[in-house]
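Protein sequences, first through last, are from chains A and D. For the first sequence, the residue numbers in the numbering used here are 1 to 283. For the second sequence, the residue numbers in the numbering used here are 284 to 670.
These are calculated hints, taken from the structure and not from any lab test. Heads up, the beta-carbon is just placed ideally off N, CA and C, and yes, glycines get one too. Some hints here could point you the wrong way.
Stated by the list, open to error - Derived CB-CB ranges, DEER-like:
(1) L557(D) to V243(A): 56 to 62 Å
(2) I207(A) to G451(D): 46 to 52 Å
(3) R186(A) to D421(D): 55 to 61 Å
(4) A292(D) to T5(A): 21 to 27 Å
(5) S178(A) to A292(D): 35 to 41 Å
(6) R393(D) to S178(A): 41 to 47 Å
(7) D93(A) to E413(D): 51 to 57 Å
(8) E413(D) to V243(A): 51 to 57 Å
(9) H509(D) to V243(A): 36 to 42 Å
(10) T640(D) to Q208(A): 34 to 40 Å
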Amino acid sequence: MWDYTEKVKDHFLNPRNTGVIEDAHGVGQVGSMACGDALKLMFRLDAEGRIEDARFQTFGCASAIASSSALTEMIKGKTLEEASTITNQDIADYLGGLPEQKMHCSVMGMEALQAAIENYKAGGEAGNVEKTDSRVVCSCFGVTEKEIERAIADNDLRTVEQVTHYTKAGGGCGGCHSDIEGIIARVRSGLEQGETTRKRPTKLTNIQRIKLVEEVVEREIRPQLKRDGGDIELVDIDGPRVVVAMRGACSKCSVAQFTLRDVVEAKLREFVSEDIVVEEESK
Amino acid sequence: MEVYLDNNATTRTAPEVVEAMAPFFGVEYGNPSSMHNFGGRVKKHIDEAREKAAALINADPAEIVFTSCGTESDNMAIRGALEAEPEKRHIITSKVEHPAVLAASRYMKRFGYRVTELSVDGQGMLDLNELRASISDDTALVSLMWANNETGVLFPIKEAAEIAQSKGVPFHTDAVQAVGKIPIDVKKTPVNMLSISGHKLHAPKGVGVFYARRGTAVMPFMHGGHQENGRRAGTENVPYIVGLGRAAEIAAANIDSEFEHTKKLRDRLESALLEKCPDTRLNGHTELRLPNTSNVSFEFIEGEAILLMLDNVGIAASSGSACTSGSLEPSHVMRAMGVPFTAAHGSIRFSLSRYNTQEEIEYVIEKMPPIAERLRAMSPFAPKKGA
């Protein structure tokens with residue numbers, strides 16, 4: 001069973017604001033039945049331009065229903081300008097977090113809200129926001145390049161798997177995986193150039209720490225060592241202690257100890273956490 | 284009230300089985316391979332368990348190998364048969380197999396094997412002509428499940444095994460869902476290998492059976508000691524094997540009455556749900572299936588949401604929806620049957636056992652329709668009431 005928070009369970013079993021607003025000012029619908037989830041969001045504004053009523057209809061799992069319910073609660077009383085700043089992470093945070101595989105439910109909430117706002121701005125004409133302005137990357141789930149780019153940038157995604165968890169793209173036939181990889185590389189290089197200081201997560205669970213260490217080793221460290229004919233292998237991760245084995249040219253290198261400290265440890269401290277200590281596997 | 288209708292996932296260990304196992308966690312701790320009396324006493328119980336497991340499928344005790352689970356038995360069949368005829372490089376299986384067979388077969392592709400996955404029709408049935416046409420001189424193994432875990436649909440194993448036999452190709456069947464629920468007789472059905480899982484028939488998790496007909500060439504899967512006649516090394520899991528023996532004995536003694544019991548309750552549940560809930564459909568062949576399984580699709584709503592609402596009122600079932608499978612696509616069985624995505628996402632499997640009661644079924648019949656109604660009221664796709 002999924003590890004849902006009490007708040008997710010509450011919003012699923014007692015969803016707020018379900019139903020239809022007949023004379024809605026803005027309506028946004030995203031997803032489809034074939035995709036496994038869909039959300040139709042409606043709102044009405046009061047005389048001052050604040051959302052006085054918001055309602056939803058959702059086809060989907062518990063976290064899709066909970067995300068929709070949370071979203072309607074979050075936008076009530078807000079101006080459209082205020083509401084438009086809500087991100088999928090805000091929805092997930094409101095619910096006390098969502099399992100990563102379910103993050104696409106919060107993304108669906110954010111997209112429905114944006115669609116509803118655009119629908120209002122367009123005079124309430126179209127029920128759906130046309131996606132024609134962006135190329136469809138994942139044809140199984142109809143996910144566009146723009147949606148993938150935004151999910152990567154907003155949520156600091158690094159792998160195809162993460163993109164699938166957040167947008168569903170790549171979760172069907174898998175034919176677009178290399179395309180998604182390309183988008184990740186492009187968006188990330190843009191992100192990293194724009195960042196003056198690299199973002200390091202504030203708090204990590206053991207699993208997150210292990211994953212992050214693996215990622216950093218793959219992305220930042222191995223390519224550098226491989227250029228010099230060396231390589232590295234992760235042996236163990238125990239709290240802040242990371243045990244590695246030097247391979248290839250590194251295993252015979254007289255300055256391997258420096259590489260260990262100045263490259264491996266430094267990178268891991270930069271990207272994972274300050275207290276990382278790297279040790280070489282005892283032979 | 285708590286109602287457990289997920290018996291194709293696992294069953295309650297029968298109290299009689301727990302009782303039979305108990306001494307082997309305590310005073311009867313001998314190793315059955317030992318020469319002394321501590322071991323000899325235990326060996327006698329292993330022998331008895333082997334006889335009981337054999338009797339359940341009308342096999343000879345010497346044809347029974349105890350394993351750790353159904354998955355191990357399936358892997359043993361596939362690897363063991365392929366290694367016995369290494370020059371043949373083709374496997375035939377079906378699109379709706381359990382992952383224990385499907386993934387194990389597909390894994391062999393990396394060693395140069397070709398895998399044919401036979402398709403099924405809208406009711407989940409096999410086309411035997413497709414099987415006939417697929418067998419070639421290069422075919423090393425045909426592996427087809429006896430009963431499908433999601434729909435309960437029964438494949439024509441006797442006919443399929445006869446086709447394989449006529450072409451001299453070894454035939455394995457994953458009978459994990461079938462054994463204990465329907466009568467199985469390997470003397471009348473020419474399968475070479477058959478897999479059984481203990482915990483699907485009221486034995487505990489962690490024990491299974493691999494049946495190999497005398498004369499079938501199978502290379503050992505685990506190497507080591509001489510246990511299980513050299514076919515499966517490793518000290519016997521004595522308490523669990525004894526438990527499986529007892530469970531097999533109970534299943535064999537009650538197979539007809541249990542068939543009637545679960546079928547009566549299943550039919551009552553199914554017809555009531557199909558009648559009370561609009562926009563529902565039954566997945567799989569209505570007749571050719573297990574007596575205990577019902578797979579119903581509730582259109583316009585999603586399976587995980589249904590399951591969690593059922594769970595909230597104490598009812599345990601399972602779903603083939605994408606959200607519950609941990610992937611984004613609905614179950615491979617639903618897809619192979621061509622069940623529309625819209626219905627596959629809302630598919631719920633109810634699977635019964637001897638322990639279910641009429642009262643429990645009436646409780647589910649009372650609780651399920653309002654859940655479907657409630658979720659439909661929330662769904663943007665559900666037809667408006669009265670419209």
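Indices of hints not satisfied (ascending): 3, 6 and 10
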